[in-house]
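*Asks:* Single-letter residue listing:
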Amino acid sequence: MTTPEKPERLPALRVTGLKKRYGANTILDDVSLDVPAGQVVTLVGPSGCGKSTFLRCLTWLDPPDEGFVEVEGRPFGREVGEFGSVRLQSSREVDRMRPRLGLVFQQLNLWPHWSVRANVEAPLRIVLGRSLEEARGRADDLFARLRIGDLADAFPTQLSGGQRQRVAIARALAMNPAVMLFDEPTSALDPELVGEVLGAIKELALTGMTTLVVTHEIGFARSVADRLLFMDGGRIVLDGPPGAVIDDPAHPRARAFFDKVLSRRSFISAKPMTGEQA
Amino acid sequence: MKFDFGFFLESLPRIGEAAFTNIQLAIVIFALATLGGTGLTIARALKRSVLNGAIGILISFVRGTPLMIQIFLFFYALPALGVRLSPVHAGVLAIALNSAVFITEIMRGGLSGMDPGPIEAATALGLRAPQIWGLVVLPQLFRTILPMLVNEGTIIVKGTALLSIITVVEALRTAQQLGAANFRPFEPMVGAGLVFLAVNLVLAACAGVAERRYATARA
Amino acid sequence: MTLDPAVVLDSWPLFVAGTVVTLQVSAIAFVGGILLASAIVALSFSGGWIRVAIQVYLGVLRGVPFIVLLFLVHFGMPFAGIRMPAYFNGTLALTLYASAYYSEVLRATVLGLPRGQWESARAIGMSRSAATRHIIAPQMLRPALPPTVNSTITMIKESSVMSAITVGELTYQGLVVQGNTFAPFEVFIAVAGLYWLIAFVLSRVAVAVERAVATGQGASARRNAIGERYLALDARAG
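Chains as they are written, first to last, in the working numbering: chain A, 1 to 278; chain B, 1 to 219; chain C, 1 to 238.
Keep in mind the hints are simulated off the structure, nothing from the lab. One should not assume that every hint holds.
So the derived label-pair ranges between C-beta atoms look like this [stated by the list, open to error]:
hint, chain 1, residue 1, chain 2, residue 2, range
1, A, R21, C, A232, 49 to 55 Å
2, C, V31, A, R92, 29 to 35 Å
3, B, R213, C, A208, 39 to 45 Å
4, C, A208, A, G73, 54 to 60 Å
5, B, N182, A, R21, 58 to 64 Å
6, B, R213, A, G73, 56 to 62 Å
7, A, S47, C, L197, 55 to 61 Å
8, B, L201, A, D34, 56 to 62 Å
9, C, R204, B, R213, 38 to 44 Å
10, B, L58, C, R204, 50 to 56 Å
11, B, L138, A, D30, 56 to 62 Å
12, B, G113, C, V31, 31 to 37 Å
13, C, W49, A, V86, 38 to 44 Å
14, B, F142, A, D150, 51 to 57 Å
A few chain B residues that don't get close to chain C, going by computed Cβ distances all over 12 Å [unchecked claim]:
hint, residue
15, P13
16, G16
17, R143
18, A181
Ideal Cβ placement from N, Cα and C applies to all residues, glycine included.
Given these sequences and hints, build the entire structure.
*Replies:* Put into structure tokens, the structure is as follows:
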């Protein structure tokens with residue numbers, strides 16, 4: 001049972017002692033993290049540091065070997081039972097918790113056989129059991145908010161990269177998640193789309209949505225995020241305000257990483273992030 | 001009824017022995033079909049419209065009709081045209097023709113995915129068409145289609161069982177004879193099933209080895 | 001020799017009856033085979049002994065000639081105390097055989113879909129069955145159709161073997177007519193023509209479907225005149 005504590009006192013997301021191994025390789029080595037409600041967190045690190053695995057473990061797509069995930073105080077995937085024993089949740093329990101985490105995949109993974117509207121409405125009806133009218137109303141709200149109302153009847157393959165990103169955000173947001181998770185939202189994009197996509201995430205962040213973004217965009221981290229995590233070797237080695245961490249990284253690997261990323265991507269991060277023209 | 005395990009074990013060696021007939025037939029058929037399929041492929045590549053039209057009809061006929069009927073045509077119908085073949089000859093020719101057509105279609109698929117670069121290089125070096133086929137195109141082609149050729153081999157092995165119907169004494173017919181003589185058709189049939197399964201498993205294992213060898217050669 | 005079409009034409013009721021039975025058993029084996037194959041493919045993604053059992057089932061069905069499977073079912077059913085007409089046993093054997101081939105088609109189709117489709121459905125909270133029903137199955141339809149039609153044509157041709165246990169399908173009726181008329185050439189050409197017609201109609205369906213599906217396909221290999229000389233097998237138009 002959930003504790004009768006007030007929800008706002010609990011972190012939106014709490015991760016405790018997350019571990020994941022593939023064979024002899026330890027990918028996640030005891031990762032713990034609290035994200036208070038409303039915070040915008042970016043997670044950066046060299047490729048292979050475990051950040052994508054972290055999101056996959058968090059969402060239980062790849063169940064972690066050890067550790068706990070709590071969303072608004074409710075255990076997800078694994079929980080401590082009545083007598084202190086650790087228990088894996090049934091797949092039904094896991095499925096019930098999953099909508100609380102809104103994951104936007106790197107490849108978006110929109111469903112190509114459904115229109116934009118169906119992509120957003122169908123999970124509401126199938127997973128949350130909403131009526132057609134409720135689902136329609138919720139979808140229309142989101143389409144208006146994300147300015148994709150005129151695309152509702154289009155199919156995903158007909159959309160631009162930036163439009164698709166907004167649909168993917170709408171699909172995840174429709175489930176009313178406690179936390180939005182983005183897996184490298186810009187790394188599969190053409191450079192000219194990066195600004196637009198980051199703009200959409202920024203808009204979302206400004207609404208007070210708790211957000212965790214795995215990204216290489218240091219400029220985005222600096223201007224939008226409240227907090228920056230640097231991951232290396234399956235551990236979070238730095239955790240602090242983005243400006244401070246980027247300008248004076250207290251970790252040799254992080255220093256090398258930021259030097260490299262800043263010199264390579266400077267022309268992108270220098271771009272103003274206005275999002276779409278309203 | 002109870003499964004007579006003793007009778008089953010008794011019949012197994014005789015069916016296994018008869019399976020060598022299937023294997024021998026399959027080897028001959030496979031060789032003929034590969035030759036025939038390659039010939040058809042080269043003939044099609046000549047792009048003479050009359051020839052291609054004729055081959056097209058043959059392909060359509062063979063692919064559109066059951067192997068059984070093709071065997072019947074060779075065995076029952078050819079004598080009506082004055083060509084009298086023994087059951088073994090009729091069966092071998094029927095299955096070989098059938099497989100040749102499927103092999104040329106496999107080859108067509110293999111060719112369509114092939115890089116023309118080496119052919120251009122060979123042409124530029126002054127090689128003639130037969131040399132280009134023999135030295136450049138076919139060696140590459142056989143490598144790429146090897147897994148599908150092996151699959152065709154298992155289809156041929158299974159096809160030889162149909163020859164029991166035109167009285168060729170192979171594994172299935174032997175099983176039927178044992179069953180009829182003892183009024184217990186089921187036990188020898190299980191034996192026949194196991195024997196065919198074993199032959200195809202061995203074939204699949206060989207294919208695995210060959211594929212791995214080629215895969216390393218290709219890398 | 002002379003061809004005598006009258007032999008065939010006089011026996012038309014038998015040919016029609018045989019064609020009807022061939023289409024019947026094929027239709028039943030198609031429906032049953034697809035249903036079985038769907039269950040097999042769904043189960044094949046689970047682990048442990050179920051997976052092993054499925055591999056054995058598929059290995060046996062692919063490694064044994066259909067004619068042997070047919071006899072196994074036909075002789076084995078009475079063994080299990082189930083006495084059924086040859087028609088039933090033959091159709092059952094054909095259904096089992098078809099299930100193996102459709103399994104291969106369906107499994108390849110599922111594995112051909114991007115993995116992210118499944119994961120995004122699961123991540124949003126859909127159960128396995130909901131994700132299969134709403135996300136995977138609808139997207140399988142288009143890519144699975146052409147190979148399914150091909151397997152169906154193979155299966156229809158295979159049904160000719162059922163004549164060996166006296167199921168009254170097309171080949172069996174052909175053998176009956178040939179026994180009455182002693183005109184094997186005419187009879188088997190006619191039988192072959194009827195099978196060919198069935199396959200032709202079905203393959204037209206496959207071509208039409210393929211054409212409807214073939215939008216935005218990947219670029220084919222680089223081509224030019226010299227390459228075409230060896231790599232293309234179709235006669236030039238005109």
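*Asks:* Decide, hint by hint, whether the structure agrees.
*Replies:* Status of each hint after checking the structure:
1. Between R21 (chain A) and A232 (chain C) the Cβ separation comes to about 52 Å, which falls inside the hinted range of 49 to 55 Å.
2. Checked against the hint of 29 to 35 Å, the C-beta distance between V31 (chain C) and R92 (chain A) comes to roughly 32 Å, which is consistent with it.
3. Evaluation of the 39 to 45 Å hint for R213 (chain B) and A208 (chain C) yields a pass: the beta carbon distance comes to about 42 Å.
4. Between A208 (chain C) and G73 (chain A), the C-beta spacing of about 57 Å keeps the proposed range 54 to 60 Å intact.
5. Checking the proposed 58 to 64 Å range against N182 (chain B) and R21 (chain A) shows it holds: the Cβ atoms sit about 60 Å from each other.
6. For R213 (chain B) and G73 (chain A), the Cβ-Cβ distance of about 59 Å falls inside the hinted range of 56 to 62 Å, so the restraint holds.
7. Under the hint 55 to 61 Å, the C-beta atoms of S47 (chain A) and L197 (chain C), about 59 Å apart, fit the expected range.
8. Distance hint check for L201 (chain B) and D34 (chain A): the Cβ-Cβ separation is about 57 Å, which falls inside the suggested range of 56 to 62 Å.
9. In this structure the hint that R204 (chain C) and R213 (chain B) lie 38 to 44 Å apart at CB holds, the actual value being about 41 Å.
10. About 19 Å separates the C-beta atoms of L58 (chain B) and R204 (chain C), a value inconsistent with the hinted range of 50 to 56 Å.
11. Checked against the hint of 56 to 62 Å, the pair L138 (chain B) and D30 (chain A) passes, with Cβ atoms roughly 59 Å apart.
12. Taken as a hint, the range 31 to 37 Å holds for the pair G113 (chain B) and V31 (chain C), whose Cβ atoms sit roughly 35 Å apart.
13. Under the hint 38 to 44 Å, the C-beta atoms of W49 (chain C) and V86 (chain A), about 27 Å apart, miss the expected range.
14. At about 56 Å, the beta-carbon gap between F142 (chain B) and D150 (chain A) stays in the expected band of 51 to 57 Å.
15. P13 (chain B), annotated as away from the interface, keeps every beta carbon of chain C farther than 12 Å; the closest lies near 18 Å.
16. With a minimum CB-CB distance of about 14 Å to chain C, G16 (chain B) clears the 12 Å threshold, and the non-interface call stands.
17. With a cut of 12 Å on Cβ distances, R143 (chain B) stays outside the contact zone with chain C, its closest approach being about 15 Å.
18. For A181 (chain B), the non-interface assignment is confirmed: its Cβ lies about 15 Å from the closest Cβ of chain C, beyond the 12 Å cut-off.
This entry does not satisfy hints 10 and 13, going by the numbered hints stated previously.
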